[in-house]
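So the sequence lines, in the order shown, correspond to chains A and B. Going by the UniProt record's numbering, the first residue of the first sequence is number 1, and it counts up by one from there. Going by the UniProt record's numbering, the first residue of the second sequence is number 1, and it counts up by one from there.
Derived by calculation from the structure, the hints in this document are not laboratory data. Predicted, not measured: the structure shown is a model, and the values here were computed from it. Check the hints yourself; a few may be wrong.
Stated by the list, open to error - Computed Cβ-Cβ distance ranges for the label pairs, DEER-style:
| # | chain 1 | residue 1 | chain 2 | residue 2 | range |
| --- | --- | --- | --- | --- | --- |
| 1 | A | Gly57 | B | Gly57 | 16 to 26 Å |
| 2 | B | Thr171 | A | Gly57 | 29 to 39 Å |
| 3 | A | Thr117 | B | Asp74 | 24 to 34 Å |
| 4 | B | Glu26 | A | Arg12 | 28 to 38 Å |
| 5 | A | Glu78 | B | Gln169 | 24 to 34 Å |
| 6 | A | Gly58 | B | Gly57 | 42 to 52 Å |
| 7 | A | Pro76 | B | Pro172 | 34 to 44 Å |
| 8 | B | Arg18 | A | Glu78 | 47 to 57 Å |
As the list claims (entries may be wrong) - Selected chain A positions facing chain B (in silico; Cβ < 7 Å):
| # | residue |
| --- | --- |
| 9 | Glu105 |
| 10 | Arg108 |
| 11 | Ala112 |
| 12 | Ala118 |
| 13 | Thr120 |
| 14 | Cys123 |
| 15 | Asp153 |
| 16 | His154 |
| 17 | Ala157 |
| 18 | Leu164 |
Glycine included, each C-beta is placed from N, C-alpha and C at the ideal position.
Protein chains: 2
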Amino acid sequence: MSPIQGTRTGGRSARVQRSVHAAVQELLGQRSRSELSVPLVAQHAGVTPSTVYRRWGGLQELLSDVAAERLRPDAPPEDTGALASDLNAWAVQYLEEMSSSPGREYIRDVIAGDTGTANTGQCCGYAYEQVSVMLQRAADRGEPAPDADQVLDHLVAPMMYRILFDPAQITPERVDALVHELLDDQHPS
Amino acid sequence: MSPIQGTRTGGRSARVQRSVHAAVQELLGQRSRSELSVPLVAQHAGVTPSTVYRRWGGLQELLSDVAAERLRPDAPPEDTGALASDLNAWAVQYLEEMSSSPGREYIRDVIAGDTGTANTGQCCGYAYEQVSVMLQRAADRGEPAPDADQVLDHLVAPMMYRILFDPAQITPERVDALVHELLDDQHPS
């Protein structure tokens, strides 16, 4: 199973999605987000507003979809030869991306406009897949390792919680400490 | 220091805030949130729409403020006589409240409409204060205890991450396991 799946490429539905997503991206590069509207996005995408309303419901739901796609990792995590350094390199990059101004904007969009849990679940799924790749490498090397849910709970969750609620408290040094605490718990006592 | 601070009670500014917050609460009880608007809220609160725009900026920012106030704990955590059971009782209740449909709505509102980090920081501050009360009791009893940031990172953060991104994965049993993992790490090895 490939951990990184592309968007579907076939059919009219996929073409509409691509052009509407691209229009949102383009408009976000040109204007403040408060200026965005469904009619404006539709016009730029070359579709009718009712196509957008029918498919997404409204602007907030559309922004959530676009953000979930933008947060999709574009490569598997770097293979540094050991689990501790794999997790550290990945987590520091994750923190940097997610705590940046656009990263925070995307996370907020994903959460604010999610209907049900499709888009938030997709974001959690990205982290789970990236972590699983690193854990499989560790298993192949015979390294002791936590399971993916432990990594989510004790490394990804603290990063995301601080990014959303308390950004001053999360630094690359703190990420490094979280990785070491997590892996120290794996050693037989 | 009291961990629970009330809203300021004096002055015109506080009166406006109370009546506008109350109007939002009342309207949310009667209508779907998509029907809310600044003019409607202002009318119910007996203020002009421009008062609301001037003070809050817009509806999303107002909803964020109201949500941050609604998430304020109304009592210190129960004193059960031991840190493990204090944390467990508090965390299970926190999970129940935050993962409920209104709880999730409030968290989303806090995040979506926060200008800067005032309201999200306030929510993190509530958790920090409640946790600190339990840790101070543990210290008074001579129990070994993690510090408040460790409790935030390894108990509150996993709950909030799952509530926002992966609600099926967090249960009272999982909370119990998180509490025990956290406290087991405190015992001298």
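Here is how each hint holds up against the structure:
Hint check: Gly57 (chain A) to Gly57 (chain B), Cβ distance near 24 Å, so the stated range 16 to 26 Å holds. As the Cβ distance of Thr171 (chain B) to Gly57 (chain A) is approximately 30 Å, the hint placing it in 29 to 39 Å holds. With their beta carbons about 29 Å apart, Thr117 (chain A) and Asp74 (chain B) fall inside the hinted range of 24 to 34 Å. At about 45 Å, the beta-carbon gap between Glu26 (chain B) and Arg12 (chain A) misses the expected band of 28 to 38 Å.
The hinted range of 24 to 34 Å is satisfied by Glu78 (chain A) and Gln169 (chain B), whose Cβ atoms lie roughly 27 Å apart. The hinted range of 42 to 52 Å is not satisfied by Gly58 (chain A) and Gly57 (chain B), whose Cβ atoms lie roughly 20 Å apart. Roughly 35 Å separates the CB atoms of Pro76 (chain A) and Pro172 (chain B), a value that falls within the hinted 34 to 44 Å. Against the hinted window of 47 to 57 Å, the Cβ-Cβ separation of Arg18 (chain B) and Glu78 (chain A) comes to about 53 Å, which satisfies the hint.
The beta carbon of Glu105 (chain A) is not positioned within 7 Å of any beta carbon in chain B (closest approach about 11 Å), and the interface hint is therefore violated. Contact between Arg108 (chain A) and chain B, as hinted, is supported at the beta carbon level, the nearest pair being about 6 Å apart and thus within 7 Å. Because the closest C-beta pair between Ala112 (chain A) and chain B is about 4 Å apart, less than 7 Å, the hint holds. Taken as an interface hint, Ala118 (chain A) does not check out: its beta carbon lies about 11 Å from the nearest beta carbon of chain B, beyond 7 Å.
Look at Thr120 (chain A): its Cβ gets to within about 5 Å of chain B, closer than 7 Å, so that hint holds up. Checking Cys123 (chain A) against chain B by beta carbon gives a least distance of about 6 Å; that is within 7 Å, so the hint holds. Interface hint status for Asp153 (chain A): upheld, as the beta-carbon distance to the closest one in chain B is roughly 4 Å, under 7 Å. Given hint, His154 (chain A) at the interface with chain B, holds; its Cβ is 6 Å from that chain's nearest Cβ, closer than 7 Å.
With 7 Å as the threshold, the beta carbon of Ala157 (chain A) comes within range of chain B, its nearest partner Cβ sitting at about 4 Å, so the hint holds. Nearest Cβ of chain B to the Cβ of Leu164 (chain A): about 6 Å, under the 7 Å cut. The hint holds.
The earlier numbered hints that this structure contradicts are 4, 6, 9, 12.
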